[in-house]
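Enquirer: This is what each chain is made of:
2 protein chains.
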Amino acid sequence: MKTYLITGCAGFIGSNLVDFLLNKKCKIIGLDNLSTGNKFFLKKALKNKNFKFIKIDLFKNNIEKYFKNVDRVYHLAANADVRFGLNHRKKDINQNIIVTYKVLESIKKNKVKKIIFSSTGSVYGETKQIPTSEIANFPIQTSLYGASKVSAEAIISAYCEAYNIKSYIFRFVSILGERYTHGHVFDFVKKLKTNKNFLKVLGDGNQKKSYLHVSDCLKAIDKAITNCNQKINIINLGTQEYLKVKDSVSIISKCLKLKPKVIYLGGKRGWIGDNSFIYLDTKKIRSIGWKPKFNITESIKITTNYLMKNSWLLDRKN
Amino acid sequence: MKTYLITGCAGFIGSNLVDFLLNKKCKIIGLDNLSTGNKFFLKKALKNKNFKFIKIDLFKNNIEKYFKNVDRVYHLAANADVRFGLNHRKKDINQNIIVTYKVLESIKKNKVKKIIFSSTGSVYGETKQIPTSEIANFPIQTSLYGASKVSAEAIISAYCEAYNIKSYIFRFVSILGERYTHGHVFDFVKKLKTNKNFLKVLGDGNQKKSYLHVSDCLKAIDKAITNCNQKINIINLGTQEYLKVKDSVSIISKCLKLKPKVIYLGGKRGWIGDNSFIYLDTKKIRSIGWKPKFNITESIKITTNYLMKNSWLLDRKN
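Protein sequence lines correspond, in order, to chains A and B.
Residue numbers for the first sequence follow this note's numbering, so the first one is 21 and each next one is one higher.
Residue numbers for the second sequence follow this note's numbering, so the first one is 21 and each next one is one higher.
These are computed hints drawn from the structure, not numbers from a lab.
Wrong hints could be hidden among the right ones.
No distinction is drawn between identical chains; accordingly, a pair holds when it is met within one copy or between any pair of copies.
[Claimed, not checked] Subject to a maximum C-alpha distance of 30 Å in a straight line, what follows is the list of computed DSS-like cross-link-like pairs (lysine-lysine):
#1 Lys279 <-> Lys80
#2 Lys266 <-> Lys277
#3 Lys216 <-> Lys251
#4 Lys80 <-> Lys110
#5 Lys134 <-> Lys148
#6 Lys64 <-> Lys220
#7 Lys304 <-> Lys85
#8 Lys186 <-> Lys288
#9 Lys47 <-> Lys213
#10 Lys148 <-> Lys72
#11 Lys220 <-> Lys47
#12 Lys148 <-> Lys63
#13 Lys213 <-> Lys110
#14 Lys148 <-> Lys128
#15 Lys22 <-> Lys131
Nothing here was measured: the structure is a model prediction, and the numbers come from that model.
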């Protein structure tokens, strides 16, 4: 039985991955500091004898020993707060760059053969190539979050080149679905739960965004690992559509059976470093036979309903 | 009188920059930990009342106070040892990424308006676009040194975007000239000084490399700062030629009046992460009226003669 290590195992994507992989019969070692992740998401997994959870801060602690006899590392732990990245700059540097370096050192020293890494479409910055393919022009970074992911990708490549490690770097659009806890849809649902009649939206509402359901994301990752065999595999993940922020607002409002007055605060970007248009070219992942089950509208509805059924998530402080 | 801060001021390029700028009448604050830099290179500068030298480790110490009332920062300090990057991986992470982050924090907090950064053609990794323009495809990194420079560039861009700082990021080919202390030419001259009859060369000798004389490099930087006015200016620096490593060997041997037996150790790359072909497209810098005075052959000759006249540099341990 194979052993996989997952960093950020209690997070939104991480905990879904834990369940997904446990279904495939393997042993999972899950690391998480529970800063944004939640042990509640691991409720089912914790009952499985093949799952071992370790609460640990990857930045502060020695993590090498957990990588012993591991077949694959899924490195998902990150500070994923794009919007407030500028308020805690050191967090992006430490959690996204230094932790990735520490994970790679642990991989190297324990001779782990594969690393799977969750990167982001934000690495393309303000690219002019839309839809954006994996080999788009070398971009100028607009957010510290994007910059930290570019750094992590680059360091992973260098380690793979030197130490015969295989890497799968996935550049995600925004992921939606069960256990989703931050981003546009979360913010809108949360605000509408507090005030049904009124919604303030950052930007002019015309920012174009792409979304993918977490179950489609996990299937894509799995398919890529089976089918792509370069030393360094960089793969965009998303659907073949995009949506304006104002359309998300409509879908969510309809789903909640509300007709709020929507105020757009103006500007092409929601915040400094926000990308006004994210739409990834996904030919590469589709060429190996993957296609998403859910479209964007369905994903937003599923997510909205999930959040309303688990409204304690909306009430959490962090 | 303007005040400029230079990190890595006692290094090869840094010390030449100090002299170059002092000639233009400005105040210079120079920081260096003297790990690879040398106070000998600042001999002339230290006699100038407009130059203030501070020996400091940028990684370990608080550096913010030195950035007060500074008009521009030239951030040249780095671990520039590409070849042995894998032997001290933490050094690349700390000296090239974390120090850049610390410099940017100091710039932000002291409201400095401009940062000039020495990056490298190595960021293009194994690009297929040759000559390589600034907007080449997003590359896969092959060396940890290149990866650390990609990271630094990305973090600089994100800070510029957020805090209205202007940046000039120069992607250099190998720089040659007076005070040059590491790289191909240094290694060959050093070896030939020890053994006149025999030279071992890494790789098959067919790796194609570009070089630029340090005086041409400094003039280009100066011209770009005056003429380029984007928020983030990314500019390649190099000559419109390249040379095979075996040709460098011939030029150096001729210059030293030696006819050594040359043994090529084989392989397309000199070491893991070595780029077998670096040749940058320099249309952008030439479009603002810059052109180099020295060609590659002249630069190699000047450097070889300098090293033989200052042979204590060849005998140093680090």
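Enquirer: Could you work out which of the previously given hints the structure breaks and list their numbers from low to high?
Expert: Result: hints 1, 3, 6, 7, 9, 10, 11, 12 and 13 break, sorted rising.
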